[in-house]
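Novice: From first to last, the protein sequence lines are chains A and B.
1499 is the number of the first residue of the first sequence in this note's numbering; add one for each residue after it.
293 is the number of the first residue of the second sequence in this note's numbering; add one for each residue after it.
Keep in mind that the hints were calculated from the coordinates and are not lab data.
Glycine residues also receive a C-beta, built at the ideal position from the N, C-alpha and C atoms.
One or more hints might be untrue.
What the hints assert, rightly or not - To give a feel for the contact side, a few chain A residues facing chain B, derived at Cβ under 10 Å: (1) I1557; (2) A1627; (3) W1653.
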Amino acid sequence: MVAQSNDVIPLVASGLSVKFGGLLALNELNIEVRRGEVLGLIGPNGSGKTTFFNVISGIYAASAGKVLLDGQDITTLKPYQIAAHGLARTFQRSRLCLSLSVFDNLMLGAVRRLNSGLWYNLLRRDRLAVDVRSAAEEARDLLAVFNPDLAGKLWEPAISLGMIDRRRLEICRALIGRPKIVLLDEPSAGMTHDETNQLMNEILEVRQNLGNLTIVIVEHEMGLIERATDRCVVLNYGKKICEGKYADIAADPLVREAYLGKS
Amino acid sequence: MTMISMKGTAGQIISSILVTVFLAGSLIAILEIEDQRELGICVAVIAVLSFIMPRLGILRSAEQAGAHHPWAVRSIILIGFFSVLLILRDNNFALLMIATILIYATVCLGITIQTGYAGLFNFAGAAFLGTGGYTAAMLGNVTWLPDAVTIILGGIIAAALGTLLILPVLRTRGHYAALTTLAFGVLFNGFLEANELLGGPQGLKVPGIQMFGWDFSNDLAIGSYTFSFYANYVLLIGAIFAVFMMFTRFVERSWIGIWLDAVRLDEIAASVFGLKVSVWKSFAFIAGNFLAGVMGAVYAKMTAFIAPANFTFGDSLLLVAIVLLGGIGNRWGVLIATMIVILLPEKLQFIQEYRLLLFSCVIIMLLMVRPAGLLARRVRVFEELR
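Bound conformation, chain B alone (with noise of 0.2 Å):
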């Protein structure tokens, strides 16, 4: 195999289009094939070639794209983004998975702030994610708030009561943080179910999104194509998780970025030369749940009913997972292995009540195969900055 055409600027754009190709194919092929025969060849056809990609440099070179051409590399994702709306439009299943990815991936987005750079562990991932949901259910009433400020609020009070939890938190010091973090996940659900007001076990509903003066409920046609409804959703939350792509982008490389690594790695030193640990620790929390209550909020809406059963611990574990899986501190990382945690089992019917235990020793294989998850985080190199 010959890697000469992939170096350079047109290697690398070439390169960035194969990934991106490669990963909507993967994912229209998995979602759209029933067949279950069919269905393992496809995943087993998938493994094989990731395991290759990497090998002939294509992801390196893709990778030195996005820091040299972003627009360009932006831009090829976002027709790969549309190209898989256009195919899958009419598949109400397909596109509601499409949102959950989208919707864990944020929530991870969020973890990896607080985990992958401010080594805050968080175990309370689905806690804040129902805060953003109950947040939206209890406003469904009032009919005269707009939708997005809703969105937003769904945000700000978990990243509220996010607070709370942090002066805890900051006392303690690793896996004590920790703790205290599971136990307050745990708690949350606990709540949740005793509480009448919020609808106890049995949850609540929760009015659609009206945004732009246009109903999400209704189906979406463009030109001579109609999209399901689920489409509208798929648009906001594809907006939303590019957003917050950036912002987490931007977090990293910056001189907050390097903050929040020292106070991972060295508290003493980072106190030392003159950083209020303190301080950045609760940004980390604050802002990785400020996404984890907009993405929640926006899931509520979708699904249009929300239950305790929605944020259990479990969920919160998976979160945590994923971030794990995908690479610590890698943005792009937990893109794919929420796809990974997220597919799998959801479509691996035919081993039936074996799929979970199937699907854990993947992630373990994987795990004992690349330790540092799938994508690593790379040392931050400023000089793409722009």
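Extracted from the complex, chain A is given alone in its bound form (with noise of 0.2 Å):
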């Protein structure tokens, strides 16, 4: 593991692109992400946004370029190997093991943390005992600054939640891992205003708990987005069109012409 010092960028894409056939759905992308802000990836439908989030998570393989992930360069590796360096995302589609116990979903975020191995895992029965006592329990507590009755719910199947609370679950799949950096992709889709709204601050607050988290946010919300984010990237046509604090990308005609068209 490299020192994580302070001085090093935790998410680089540089020269960045991917290629669907003839489609250049992401073209020559350069985006830092600096440690503890939250960046808001904004742009209009089919811009990139999610193809991103899944070329640096190493589901899509990169045509050219290079991600680096606090300074290494993780272009090539499979997305167990990321996993273990520290990265952690949502879906903008749920992609809960909805036959699972909350508890269970919960722990598949925490596959790093947690021992793997055969002996331990069979014959070691009293330290896993232990160990799942413990980690039952850091999961009560963190479901529970979402939701209270969340909390209650640890062992009830993923699927008699309701949308909000079913979110509110794959967000914190994603933080129990202790990750480094935090995709969320879309973590507002299939929800009303408010309760949107409500999601966000919840997500703020358990992000002061973790100390200076670095998150990079896909949003349509773009009230949550100006909330929310301190830098915002504005991708268009899998390109960087802009780039800049929420009020000054709301200004520049580049973005108003991706969203609205020319006038």
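Take the two lone chains, each set in its own frame, and fit them into one complex as the hints suggest.
Specialist: Okay, structure coming up:
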């Protein structure tokens, strides 16, 4: 592990391109995420936001360019290796294991911290029991920040949860592994305006508890972006068209054009 | 009907005794009754009782007993097992049936780990059972090798063969992985038929077990009771089955159990959160085939003779059917489904050649009533872990 000194930029994408056949989903993208900031990633549908997340987390391979996580090149690594480097994410469309319990779903997020050894899991049942108990304790505490009711449903199947609680569970799953950087892909999708606001407050509260957690967030809800982010990057057709504080990018004619079309 | 007594510790223990007595009683009745009309009535009564029991909360209560008082329940099951053995002690056929049930149930436990947990279909269960069997047969001439080692080697060779197969299985997905194992199951049988060294279609003789200085082909005398020599095998197979039941439970109730479920339900999410999918699929495949191989070796030694006809593709299908019928991922469901699938066609002689047809209809009807299987798998709860 590289020492987590403050002068290393946590996430750098340089000249990053992704090609699907003839389509350039990402076109020589340069993005830097600074330590402890909340970076908003916005742009019209199909502008490459989710593709960017999928490349960073290793689901898609980059056609060109580089991704550095805490100074280490992760461009060609597999998703499970990137996770081990301390990157966690949520998905635009829910990827919970619905038939498993809330606890099971959360623990999937803690893979890099838990012991997967055969000897320990099968024969050291006493130690495993102790670890399960403390993990359950920690899971309850984390869930309670979002919704105290949710903490009481630790052993219920995830399918029994409502939409907003499922979303909370996904975010908790990304947080419980104590990642260095979290990618949130449209946390507000499928929720009402009020629910979205509530969820964002919860995320910001947890973030404070976790120290200076670095977050990249993809979102269409501009109110949320304005309130939660320190900085924004605007994508269009896989290219970065603008970067800066929300107030500045909102006033940028290129951004207005991308969203509303040319007048 | 009242259910008040079924809650609380006493109720749970009573429930688990009731369930054990019911299962043991059904087993003994079906195995001992010869008259076909009486047998028909007996099966009907059992069917009605097993319809009523869950509705009285007895099954749920017994399940909780297993969670909260595992050692009490294990003792009850053990007493039930020995009672069955004692009552059927001189019935060769019955003991052979019980041994067969436990052997098949063990292979199905392996398939439970593969299919039920890791989501890896295995249509070659009988081939891995056969690998263990043929290992025992080939090692039969090596007299200095203790039989315990031979049996474990049966498991290891089956697991090793599975490791070769896992490579193409990992490169394919879903139905294609199933197809790979299916092809292997068919190939295995063809290979045995054609191979002179392995006895071809005639098969091979296998020497019986000698363990702890005891020849398993001798009748077993305990006090004034004499047990048929099959009782030796039932005891050994029962012990192996119990160990593998514990193993399967430990796998499920551990971090590994969660990893396997995650790999089955969502490979992408699993890998994004740090699981190496191929490692966990391989683990499940190898572990499951090991169980099959071990029982294959014991099976060969018990029947003293094996041939390709014992390990056909049809048998592999039967194994998968048992897992589906029992409720994918439920260990006890596997045991009960194996009893039904092995015993019914064997005992229902009165319908003659229609028995397989009727048996198939029964399975289809059962699955229509209970699409998730006889005993559906429950959500994992760790609180009972001890």
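Novice: Now tell me, hint by hint, if it's right for this structure.
Specialist: Hint check:
This hint holds: I1557 of chain A has a C-beta 6 Å from the nearest C-beta of chain B, less than the 10 Å allowed. Restraint check, A1627 of chain A versus chain B: the minimum CB separation of about 5 Å is within 10 Å; hint holds. For W1653 of chain A, the interface hint holds, the least distance from its beta-carbon to any beta-carbon of chain B being 5 Å, beneath 10 Å.
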